[in-house]
Amino acid sequence: MFNSDEVNKEYLDWFNSPDAPDAVFQQAAYVVTVEVLSNVPSEGTGSSMVEMLRIKRTIRKVKDNTETYDYWTVRMTYRYFPQKKMTASEREVNPFGFIVTSYQRFKEKSDE
1 MFNSDEVNKE YLDWFNSPDA PDAVFQQAAY VVTVEVLSNV PSEGTGSSMV EMLRIKRTIR
61 KVKDNTETYD YWTVRMTYRY FPQKKMTASE REVNPFGFIV TSYQRFKEKS DE
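Under full-length UniProt numbering, the first residue of the sequence shown is numbered 1, with each subsequent residue one higher.
Calculated from the structure, these hints are not laboratory results. Heads up, some of the hints might be wrong.
Result set (DSS-like, lysine-lysine): computed pairs, CA atoms no more than 30 Å apart in a straight line [stated by the list, open to error]: (1) K63 <-> K107; (2) K107 <-> K56; (3) K109 <-> K56; (4) K109 <-> K9; (5) K9 <-> K107; (6) K109 <-> K61; (7) K9 <-> K84; (8) K9 <-> K85; (9) K63 <-> K109; (10) K9 <-> K56; (11) K107 <-> K61.
Okay, the calculated beta carbon distance ranges per label pair [as the list claims (entries may be wrong)]: (12) T66 <-> R91: 38 to 48 Å; (13) S17 <-> S47: 29 to 39 Å; (14) D19 <-> P95: 29 to 39 Å; (15) K109 <-> R60: 15 to 25 Å.
Each residue gets a CB set at the ideal place from its N, CA and C atoms; glycine is no exception.
Using the sequences provided together with the hints, build the complete structure.
Here it is, written out as structure tokens:
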């Protein structure tokens, strides 16, 4: 409902890989919180919008409460499709037909 077919496939492929968050974080042995440090929107091509985000992930190990941090840059493009056919319950959740059309994330080399 919120992603293009291509983005959904990439997401599902990621969750079915050894790098899936549930595999990496060992079935909730860790709690991850995300803080958006910066958010820069810009116009893309046609009716697309581009969003550049810088995020900080705090990864807390449940067993001993230790924390580590890492930083990521996220680039995503999206569109609004208000004319998209949806059920009433889907329209209630996504009234403007927001759809992510591409999504890339890049881990930063330094943790600062």
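Hints, verified against the model:
no., hint, in the structure
1, K63 <-> K107, "holds (25 Å)"
2, K107 <-> K56, "holds (10 Å)"
3, K109 <-> K56, "holds (13 Å)"
4, K109 <-> K9, "holds (27 Å)"
5, K9 <-> K107, "holds (21 Å)"
6, K109 <-> K61, "holds (22 Å)"
7, K9 <-> K84, "holds (20 Å)"
8, K9 <-> K85, "holds (21 Å)"
9, K63 <-> K109, "holds (27 Å)"
10, K9 <-> K56, "holds (25 Å)"
11, K107 <-> K61, "holds (20 Å)"
12, T66 <-> R91: 38 to 48 Å, "holds (44 Å)"
13, S17 <-> S47: 29 to 39 Å, "holds (32 Å)"
14, D19 <-> P95: 29 to 39 Å, "holds (34 Å)"
15, K109 <-> R60: 15 to 25 Å, "holds (22 Å)"
The earlier numbered hints are all upheld by this structure, with none contradicted.
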